[in-house]
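Number of protein chains: 2
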Amino acid sequence: MRSDNKSLLLDLYELTMAAGYFERERNVRAVFDLFVRRLPKNRSFLIAAGLEEALKFLKDFSFGQEDIDFLKKKGIFKDSFLDYLKGLKFSGEVWAMPEGTVFFPGEPVLRVSAPILEAQMVESALLNIINIASLISSKAARVVLAAKGKGVYDFSLRRTQGMSAALAAARSSYITGCLGTSNVLAGKLYGMPTAGTMAHSFVMSFHSELESFRAYTSLFPDNSILLVDTYDYRKGIENAITAAKELEAKGHKLKGVRLDSGDLARISIMARRLLDKAGLNYIRIFASGNLDEFKIDNLLKNGAKIDSFGVGTNMGTSCDAPYLDVIYKLSRIDNSDGSIQPVMKLSKDKITYPGKKQVFRIRAKDGFYLKDIIGLEGEKIKGKPLLEKVMENGKITISSPLLDTIRVLAEENIRCLRPKYKKLKARGIYPVSLSPGLKRMIEKLKKDIALRN
Amino acid sequence: MRSDNKSLLLDLYELTMAAGYFERERNVRAVFDLFVRRLPKNRSFLIAAGLEEALKFLKDFSFGQEDIDFLKKKGIFKDSFLDYLKGLKFSGEVWAMPEGTVFFPGEPVLRVSAPILEAQMVESALLNIINIASLISSKAARVVLAAKGKGVYDFSLRRTQGMSAALAAARSSYITGCLGTSNVLAGKLYGMPTAGTMAHSFVMSFHSELESFRAYTSLFPDNSILLVDTYDYRKGIENAITAAKELEAKGHKLKGVRLDSGDLARISIMARRLLDKAGLNYIRIFASGNLDEFKIDNLLKNGAKIDSFGVGTNMGTSCDAPYLDVIYKLSRIDNSDGSIQPVMKLSKDKITYPGKKQVFRIRAKDGFYLKDIIGLEGEKIKGKPLLEKVMENGKITISSPLLDTIRVLAEENIRCLRPKYKKLKARGIYPVSLSPGLKRMIEKLKKDIALRN
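Residue numbers (numbering that gives the first Met the number 0), protein chains in the order written: chain U, 0 to 452; chain H, 0 to 452.
There may be inaccurate statements among the hints.
Just so you know, same-sequence chains aren't split out, so a pair can sit in one copy or run between any two.
To be verified - Listed next, the in silico DSS-like pairs over lysine-lysine satisfying Cα-Cα at most 27 Å (straight line):
no.: 1; residue 1: K421; residue 2: K381
no.: 2; residue 1: K5; residue 2: K370
no.: 3; residue 1: K5; residue 2: K187
no.: 4; residue 1: K383; residue 2: K394
No lab work stands behind these hints: they were computed from the structure.
Computed from a prediction, not measured in an experiment: that's the story for all the values here.
Let's have the full structure, built from the sequences with the hints guiding it.
This is the structure in structure tokens:
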């Protein structure tokens, strides 16, 4: 097994069900929709993300000998099934919304058509990947909206829920408008900007604050952002001014100061005043410390003189709503005899929509998004189809867009949402309806199910 | 670079500060404490976890050529520093609480003593690893307490915040009393039990529910748990009874039924009644569907006849409190001239404790934990020291305990907490105080800092 093989990252029941399909339904193909059932707290819209990683997972999906040996030891699988798994590759077709697309509950973000065994086995990994990526892109969009044009940086690495979450947080927050991340590995893997300042420990490791500022600025004369709250704010800002003046004498400019505690609105106003009085109006003020979209909104309303925000834990864990209610549901069976069987689930509060579906987005004349219609593939509906083919026969059929291209798409998508959907608290309900064709299919199926049972 | 090299998973400022130390303080050693500043919502205690992964990270810490090339391209680091990074290994000493130990805010869970550059560069990764692992162990402990001896399984893979969180969730929840996980990769990596049932999609892929039950039980005659809510509960349970009787005729026993929606208390009582009436009192009732400790508590209070709970999202994301306020703070500098300098931070609400510390736990005569004292290493204090040496000169000095050993330790630790600390909502405040030696050091330092600035 390759050390990074993640193909066993599935729920045991996906394997036992696959074993069931292997015995009886090997040639049946299935369609599964991945979608979010309802909006999380405070959210009026979501942003699709995670497709690149999802496709990479599907492309690489395979079991190594070590995986097979492990499964064999469980003693519940037949050898014929394990042999089948050993040679297995994902061979399905995938349609998906491009990363950066605004989407809403009930709309398939990703649709898998594959032999039912394969489609079933990749369920949990797909959900896991799309969940964290879209969760953070949707949260970060709110933080960026609250910052009203001021810069936002992802500082969440230390508190995200594990390492893959840290990488997803950096990438997804950049997609929806953050300017960069403190996470160096994300910078390397995704070619995205990295940023950083200094920590209290650095200041404390010197005999005085000023000494620590001098040490840092001598090494990064054009790139220093000095942390001024280790001991006392006023003194800290004065020390930063001293260091800035010394830099000026050497032909350099201090980039900024960072505020990391206390009443950030009040302190930023004081800092701006002291800096300007010293003729240092080019020095930027960065703020950090337990920030989120609500706090940023308040700070700006209170006249804070802050140029950029470093946002960590609350954004990187989507703290107010730490998961999307994302599900992956069977919507159609293509039997080996060629017959097609749309399926749906009728459990209370958990109804799903049948058939192979497409999402159509209608614009108003002023360019804003007006409404979405969930319809059947091929159904004649005016509006832009949002799902695109991204994989066929297990091969990726698109070239991965650059991260900056995704970022532009997200920006445009968010711009096309009317302001009522972009408030921090009040939630506008964007209209999503079902097409006539889909409605007819649902009614027919309900009757069939009632007859059968 | 190895494809799984995670050493660049650090914040940029850790590298720029390291570059600063490299120029001027290369031979200085530092002590950092990793601790939680305050308890998250609803929690009265935390359980340490993640040490094994943290030690593995430190042992493997090194930069590959690809990493160095990436950093060089940033254009802010001197070649001498990059050369130094290239040959770097973590060479420090680490003390830590064993995984499974109950701990409280302010107490160092892990303490690093190392050349200050190294200690600084591993900060974010250590925080990240300990955060997710201890977050879930602490949450799962609550779920297990609420289940009052009924089984709890981790079903969170699909909604955890990324793949590393899924693995941590499976492992950490097992540490604090869950019986297993649905996550097959976790089963393989950690040698822990895996469990599963079936999904609605499996039922829906057959022409009738009964047909799907027969297909599944014929393959797993002694291991089937049938999902009975796809169409209609009563009918579903009746179909499960039919399948169970057919299994009995072949000399097998149906293991269980799973309830996944609706009023689980009421439905479980009905299911138990129907099963018992059919002479199938051996069939267990599993329940799942958006469960957490509060819902489980309510179900049991309402007389639910449930034998085991599958708990997913709410446990795997620690939904009510999705992060620990975990920090990593400089507490001492050992200068190259041999002098020792304890340090502390005085920022408002962010005060830290200086010196090389130990945590002592005092028991009451009845065996329960009475109080903890944070003291200085070597200080004479009655009580069990909780921090143990786990790494020296960058080499792990303990043999990793078996997961089941950690589990036993956690169980014993939780048993020794008085009931008032184990309530789901009311929070008892466990007493943690500072030793006389540590108090004296703090007072002296405050005076010194006031003089210096």
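(message) Are any of the numbered hints broken by this structure? If so, which, sorted upward?
(response) 2
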